[in-house]
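Hey, can you work out the whole structure from these sequences and the hints?
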Amino acid sequence: MTRLRKEQIVGLLMVLPALLLLAIFFLYPLANSFYMSFHKWPLFGKPKWVGLDNYIFMFQDERFWESLKFTFVYTLTVTPMLFIVAMGTALLCNAKAWGTTFFRSVYFLPVVMSFATASYVWLWLYSEMYGVIIFALEFFGFGGSDKDLNVWKTGTSSMWAVNAMVTWKFSGIQMIILIAGLQTIRDDYYEASKLMGASRWQTIWNVTLPLLRPSIALALILSIAGSIQAYEQFVIMTRGGPSNSTKTLVMHTVDMGFDYFKLGPAASLGVIIMIILFVLTVIQLRLFRKNY
Amino acid sequence: MKRYSSDWYWFYVINYSLVIIIIFPIYWTFISSIKKPAELITSDPTFFPRSATSEYYDRILNYGIRDSIVVNNDDKDLKNNPDEEGVTVDRNYQYADKGNIKRAFINSSIVSAGTILFTIVVCTLGGYALTVLKTPFKNILFLLIILPILIPGISLIIPLYKLMRELGLTDSHLGLIFLHTTGMLPLGIFMMKNAFGSIPISLREVAMLEGSSELRIIISVMLPLTIPGLLTVMVFAMYVSWNDYLLAFLFINSPENIMLNIALQKIALGGSQFEMKWGDLTAGSVVSFIPIIIIYAFLQKYFVRGVTGSAVKE
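Those protein sequences? They're chains A and B, same order as listed. Start counting the first sequence at 1; every next residue gets the next number (the working numbering). Start counting the second sequence at 1; every next residue gets the next number (the working numbering).
Worth flagging that the hints you see were computed from the coordinates, not collected in a lab. Glycine included, each C-beta is placed from N, C-alpha and C at the ideal position. Please note that a few of the clues may not be correct.
Keeping only pairs whose Cα atoms sit at most 25 Å apart, straight-line, the calculated SDA-like set for lysine to any residue is [as the list claims (entries may be wrong)]:
1. Lys-134/B / Val-10/A
2. Lys-6/A / Pro-200/B
3. Lys-134/B / Gln-8/A
4. Lys-69/A / Met-196/A
5. Lys-6/A / Pro-17/A
From the structure, some residues in chain B lie toward chain A, with a derived Cβ separation under 10 Å [as the list claims (entries may be wrong)]:
6. Phe-48
7. Leu-150
8. Asn-261
Here you go:
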């Protein structure tokens, strides 16, 4: 056996564990999710081909539209919140000043916590009777004179409460992405802009933001894709309530599959989520490339 | 960015205010977990604890998690009307009184350690083969491995559940380890590929002349030079497995095998507004975030690199 042949075989053997994992736990389920979405899955007996029935069932289901709508509303509200905070902290941390490294590590700190733990922490902060945020809000006059503020009372207030938690938890990642982008902008641009007499806001608006476009695109994609996949924060904090008004697409999929055991429609939901995320990513990339 | 000197005052005011806002929930959780019940459950909160107790930690670490409740039953009608496929099944929320946080902590540690170990072995071998060796179809294989970046795993939970059932990997830590390791593949192989790619190929040739085997070369020559990449992959593997909620929720159903994040959910759902659950829950949250915060404190650079590297994937 030649040395080259031997090296090729060794190489294939080394990459084999990765390929096996990929084939079993990714490629097979991927193919199967399409297969399952076109079949009916009784608990016993063989699956039966039903064509598009699962999709039709799912599209006729009001809860699907509700969860889809809620997921989009959540995405559209949380993305700007995350982005504004991330942009602000990124600009702050990009200053050449004492302490920026420290500030940066603190702003990133909540990211390392799990979404689940962050949700439990904030559940306590929002506790109706003893939550410190509730005390603070009541102090500022929310909840009326009887002080019976409960953020979980309506779907809208629940969503904003969760949004605040997510912004606290997640803006650190976007901040780091934006800082990485800011660091690629050379000082010459700022100096030129200063020489031309631009104010600080003019500089940010006309120099920083346009040059930062690729990082902004990445941060937004991250936020949008992440929000479409939202699960833990709502399962833990609102449990989808009140009356299912904060149920996300993924929660709906999990309910479909594991509460009602409708595997076919649940699989088709998975396919829909996959397509939504895929399309969004492509649109976002296009959008931001065009003007760049 | 250049700033104007008169602004330094505001620069620090804003930054320190933000620091306080960011740290506060963590600080508050911590002090809540050591306040005595009378001080904790009150409408007159104290920002510096006047009392200290370890009773919540004692309880969650040593006794079972009380379990009174369940589910959001908004869909009651649907549950009582068996659908066309003829079954209604209640998700298994109820755990016996066996699981406790100590057990859950150990379980989560096992899964995290396993994921880290599997990930570095698989990704080191794969990254090495795809970079240093003349493996056939290198580029196609690499593209295949990073394909999951485009398709989030969350859309595959239904077929995955079926697969795990068929493989007998439900309610098993090994099953979770496999899933987390697979999730780590794109970033892990990518990182290790870059790490190996930056090492001069001549090093390997010298070692080969000395008659070392390929594995020997990886372990004693190459790996020491890829420590930053390796640490990034390890830290991120820890982050993914320790913080997972959905997979632990779907695939683990016996109280002995329960994961930390799910055990916390048991505490959160147990008790009522007026009971002691808040003490237990804050203590449980501290137990769950302390390890990862300690790792962050020591390996911050790799943490940031790993998590933002995965940004492309999320």
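Hints, verified against the model:
no.	hint	verdict
1	Lys-134/B / Val-10/A	holds (9 Å)
2	Lys-6/A / Pro-200/B	holds (21 Å)
3	Lys-134/B / Gln-8/A	holds (6 Å)
4	Lys-69/A / Met-196/A	violated (47 Å)
5	Lys-6/A / Pro-17/A	holds (18 Å)
6	Phe-48	violated (13 Å)
7	Leu-150	holds (7 Å)
8	Asn-261	holds (4 Å)
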